[in-house]
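Protein chains: 2
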Amino acid sequence: MVDEVKLIEIKEDIQADNRLVAENLRQEMSRQKTFLINLMSSPGSGKTSTIISTVEALKGDLSFAVIEADIDSKLDAEKVAARGIKAVQLKTGGFCHLDASMVSKGLQEVDFARFDVVIIENVGNLVCPAEFDTGAIMNAMILSVPEGDDKPLKYPLMFSVCDVLLINKIDYLEFSDFDMLAVKQRVLGLNPRIRIYEISAKTGEGIDVWASWLKQTVDRFVRS
Amino acid sequence: MVDEVKLIEIKEDIQADNRLVAENLRQEMSRQKTFLINLMSSPGSGKTSTIISTVEALKGDLSFAVIEADIDSKLDAEKVAARGIKAVQLKTGGFCHLDASMVSKGLQEVDFARFDVVIIENVGNLVCPAEFDTGAIMNAMILSVPEGDDKPLKYPLMFSVCDVLLINKIDYLEFSDFDMLAVKQRVLGLNPRIRIYEISAKTGEGIDVWASWLKQTVDRFVRS
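Which chain is which? The protein sequence lines are A and B, in order. Just add 148 to wherever you are in the first sequence, counting from 1, and you've got this note's numbering. Just add 148 to wherever you are in the second sequence, counting from 1, and you've got this note's numbering.
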């Protein structure tokens, strides 16, 4: 007589607990009028330099702090802090994602209510970060041209959970067979409401358009 | 003027929280007189077949339940249940370790107080599981001969946190350059108090000696 084997889905339990923490965090940020952005991408797609360019473009209008996450270094936080931007480094120690309670520790450390916007630079990974609600009001991701135009096919969840896609390193387009139209069609097929901006954090191209939209979005949030 | 960057060690915070949960779990198991064993190893070193051989060897003396953990299948739990052993499957969904609250869910599901011994078959991995206290009273690991005698050098933490090492698949010794003496010296150098048993879950060799020691250990725990 063999018992049926009961299956317990650990990750689903953990994610349900996390969603509650994330929802509370979102309400707290709304009360304090601080706009929280969760920025995700592969390693090396230009998250840190995009953050620096965006903050530079808006520094007369909005105040920013940055929560950097990395498995085992504080290089990115130091790069951001060197530009005079308030930064804290979360060392995840092997975890490939951030959850809402980890983000909450970082927010307390930067004293978030002093800032209009806090940007989370999530762990460089297109899988795990997409599965955990960080408590952010906006999910944004970067896809860089050298990564290739097939990424929406390979990582559909990441493209589905984001409100904004920044296509970075467009200065590489002329040396690449990256099919911009195909990418946009693939992404909009997964997520028809996503906003897509083409940028180069290196040359600055397109940063003004993205930054101007971000400014309007934060203004609407603060007035709401 | 650049602020110093504060570093927050996420994993240390999480592990501190986990140690508390683990300690409470250990006390609860002691009150109920159920002996909890955390069995760890690489994938394919023979955890499931060692569990089955051990339970078979002791079935007249002790009652057993098994908590199986796997990233994405319930094959192992079904293999154990097919032998009439009470089993539950924890599907970790990408997590490479078990922590004490995950184990606690499994223990509730098997109704642990009905059993003398519950064995946790941890996720097949020599890194992450060593870092998380599961609440077990005994940590055991398997190193199988085909994995090679260099493993204590590569994964010292795992060998350091275990109370028992089972060297499995000794039926392969004659076809292998596995240096048993060197392994034992390396392991005892890391962890002088560890017990080492040579077994073959396949042929049954050595299972009686290990099982007999386990029986005495559980008896001492129940009387304490």
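Quick caveat, the hints were computed from the structure, so don't treat them as lab data. There could be a bad hint or two in this list.
Identical chains blur together in the list; that is why a pair holds if it fits in one copy or across any two.
[What the hints assert, rightly or not] Calculated cross-link-like contacts (lysine to aspartate or glutamate; reagent style EDC-like; alpha-carbon spacing at most 16 Å):
1) K154 - D259
2) K222 - E171
3) K363 - E171
4) K154 - D218
5) K181 - D298
6) K332 - E346
Against the structure, the hints come out as follows:
Within a single copy, K154 and D259 get their C-alpha atoms only as close as 45 Å, which misses the 16 Å cut-off; across copies the closest is 12 Å, which meets it. In the homo-oligomer, the alpha carbons of K222 and E171 never lie at most 16 Å apart, since the shortest distance is 28 Å inside one protomer and 32 Å across protomers. When the C-alpha separation of K363 and E171 is checked against a cutoff of 16 Å, the pair qualifies neither within a copy, at 24 Å, nor between copies, at 49 Å. Taking identical chains as interchangeable, the C-alpha atoms of K154 and D218 lie at most 16 Å apart only when they sit on different chains, with a minimum of 13 Å there against 36 Å within one chain.
Proximity of K181 and D298 under a CA criterion of 16 Å is satisfied in neither setting, with 37 Å inside one chain copy and 56 Å between copies. Proximity of K332 to E346 under the C-alpha cut-off of 16 Å is restricted to the intra-copy arrangement: shortest distance 11 Å within a copy versus 59 Å between copies.
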